[in-house]
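Engineer: Read off the chains here:
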Amino acid sequence: MPRWIDVCALEEIEPEGTRRFDHEGRTFVIVRGPGEEVFCLDGLCTHEKVHLAGGLVIDGVIECPKHAAQFDCRTGEVLMGPACVDLRTWPARVEGGRVLVEV
Amino acid sequence: MTRYVIVGAGEAGTRAAAALRDAGEGEVLLLSEEPVPPYERPPLSKPDDEHGFRKPVAVDLAGIELRLSTRVVAVDRAEGRLETEAGERIAYDRLLLATGARPRRLAVAGASRALVLRTLADAEAIDARVRAGARATIVGAGLIGLELACTLRRRGLEVAVVELAPRALGRAVPAELAERLVARHERQGVRFLFGTEIAAIEPAGVRLADGNLLAAEIVVAAIGVEPETALAATAGLPCANGILVDSTLRTADPSIWAAGDCAAIDHPRYGRVRFENWRMACDQGAFAGRVMRGEGGTFAALPWFWSDQWDLSLQIVGLCDPARCAVHRSLGADGLVRFELDGTGRLEAAAALGPAALIGREIRLAERLIERAVACPSDLLADPGADLRRLLRG
Numbered sequence: 157m158p159r160w161i162d163v164c165a166l167e168e169i170e171p172e173g174t175r176r177f178d179h180e181g182r183t184f185v186i187v188r189g190p191g192e193e194v195f196c197l198d199g200l201c202t203h204e205k206v207h208l209a210g211g212l213v214i215d216g217v218i219e220c221p222k223h224a225a226q227f228d229c230r231t232g233e234v235l236m237g238p239a240c241v242d243l244r245t246w247p248a249r250v251e252g253g254r255v256l257v258e259v
Numbered sequence: 002m003t004r005y006v007i008v009g010a011g012e013a014g015t016r017a018a019a020a021l022r023d024a025g026e027g028e029v030l031l032l033s034e035e036p037v038p039p040y041e042r043p044p045l046s047k048p049d050d051e052h053g054f055r056k057p058v059a060v061d062l063a064g065i066e067l068r069l070s071t072r073v074v075a076v077d078r079a080e081g082r083l084e085t086e087a088g089e090r091i092a093y094d095r096l097l098l099a100t101g102a103r104p105r106r107l108a109v110a111g112a113s114r115a116l117v118l119r120t121l122a123d124a125e126a127i128d129a130r131v132r133a134g135a136r137a138t139i140v141g142a143g144l145i146g147l148e149l150a151c152t153l154r155r156r157g158l159e160v161a162v163v164e165l166a167p168r169a170l171g172r173a174v175p176a177e178l179a180e181r182l183v184a185r186h187e188r189q190g191v192r193f194l195f196g197t198e199i200a201a202i203e204p205a206g207v208r209l210a211d212g213n214l215l216a217a218e219i220v221v222a223a224i225g226v227e228p229e230t231a232l233a234a235t236a237g238l239p240c241a242n243g244i245l246v247d248s249t250l251r252t253a254d255p256s257i258w259a260a261g262d263c264a265a266i267d268h269p270r271y272g273r274v275r276f277e278n279w280r281m282a283c284d285q286g287a288f289a290g291r292v293m294r295g296e297g298g299t300f301a302a303l304p305w306f307w308s309d310q311w312d313l314s315l316q317i318v319g320l321c322d323p324a325r326c327a328v329h330r331s332l333g334a335d336g337l338v339r340f341e342l343d344g345t346g347r348l349e350a351a352a353a354l355g356p357a358a359l360i361g362r363e364i365r366l367a368e369r370l371i372e373r374a375v376a377c378p379s380d381l382l383a384d385p386g387a388d389l390r391r392l393l394r395g
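As given, the protein sequences belong to chains U and Y, one line each in that order.
Residues in the first sequence are numbered consecutively from 157, following the numbering used here.
Residues in the second sequence are numbered consecutively from 2, following the numbering used here.
Isolated chain U, as found in the complex (with noise of 0.2 Å):
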C-alpha cells in the first residue's frame, strides 16, 4: 500500500535542485521548482541508467548529467534524446515545511 513518506526539509533542496532519494531498493529524484513545488521522478535516466540528481533543471525540465536527455520534471516525458522512455513519475508534495512522496 503506498503511503506518504518523509523524504526532507523542503529548504534542503535549493530552488531548482534536485536531491537523490532512495527507498526500499528502488532511486527517485526529487526536483525542486524555482517556488517551492516539488515532484519526484524514477531517479534513474531511461537511457543509461545514470543518476538524474545533480541534473541541470532549468524551466520545468531536468536533464541527465551525463548524455543530456531531458525529461518534463512534471509529467516524466522525454523532451529529447538519448532517452526515448519516459519517467515515471510519483505523487509529491509540501507539508509544514517537508518534502513527502507517496511511492
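Bear in mind the hints are in silico, worked out from the structure with no lab data behind them.
Selected chain Y positions facing chain U (in silico; Cβ < 8 Å):
#1 Asp49
#2 Ala59
#3 Cys283
#4 Trp307
#5 Ser314
#6 Ala358
#7 Gly361
#8 Arg362
#9 Arg365
#10 Leu366
#11 Arg390
We treat Cβ as the ideally placed atom computed from N, Cα and C, and that holds for glycine.
Once you've looked at the hints, dock chain Y against the given chain U.
Structural biologist: Quick look at chain Y alone, frame taken from chain U:
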C-alpha cells in the same frame, strides 16, 4: 503526394525520416546499404550494460518504408531518380543525402590487415577476435581509439595505442583534459606510444618506423573518417570535405539536401564546417526533415559531444581553440572544466572531464550561456561554489 527519399539510415537519416513522417504528408522511403535494421553508433565503441554494442536506433520508424541492403550508385537529377547497385530505379521528389563517413585507411604496407570501427559489422569483427589476454594495438589516439582502448582493456586484453602526434585527442580536445584522460588510461594499464610512426601492419602485429614490432593479435586503425561524398560528387553536386550545403542544409540542387557526417554546412557561427558527432547528426537530420517539408529556419545548433571512458565523462560544447583566453574551474578531486572566452568576455566553448554528475551540468549551462551570448566574469567561472545559473537569469 510528395515522395521523400533518404539515402543512409544512420543517426541523421533516421531522424530526418521520423521528422518527415511526423508531418503526416507524403511518402517516406529510407534506404540503407547495411543489411541490419538501423542502430545507434555510440555503443559500438562503448557498449552499455543493457544492449552491449547492439542497440536499436532510438527512433520509432513506424510509417516509414525502410529498405535494407540497398546501395544507391547514381542520382539522375534531371529525372529525379536514383539508381541502385541492383539496377533498380527509385523516383524522388525531394532527396536527402545522409551518407555519413567512412574510416580513413592507413597508407602503409599491409594496411588491409587493420580492422576499423564504424559499423555494426566492424564492431562484430573486432568482437569476434577478442580473447582475454590477447594483445590489441590501436593506431590513432582519437576519441574512437581511446574509447575502444577502454572497452578492450576492460575485457582483459593488453592494449597499446600508437599515435603519430605528440599527444592524444589533438583535434578537438584541450591538452590539459587529454593529458588527464591519458593518465587515467595508463593507470588502467593501457600503454601509449606518442610521436610514433608506423611502417607496416604485419601478420604478427604493427611494425614501427624504428624497426620494432608491437606484437598484436588485433590491430585497429582509428585515424579518423572521410565524408562519404562519392554519390553527390558523381551527380555533379559541389563537394569539398563534405557535400556543400547552405545554412538550411540544401545542396546546390533545390530538391536535394544533405545532413550529418557527410555534410559541410554553412554555419552562422563557424562558417563552412563539417561535424562528426552523434547529436549534430541527429539535430541536422531532424532539421533537414522539417525544411524538406517546407518549414523555414537556419541551422545554428551548437556542437556538443560526450565520450565515456573508465569512470570519466568528457563533454565539449562549442569548438575549442587553444589560443583562446581560458578559465578553469575545478570540481571535486577529478573534475575540471575549461571555459573559453572571446575578447569581450563571452563564452565561446567549454570542455570538461570528470564524473558526469559533476561536470554534466556545467556543460549544459555553458551551452546556454554560449547560445545567449552572456558575458561571463572570469572569477565566477573559476569559483566552484558559484552557481552559473545566476548568469542565465541576468
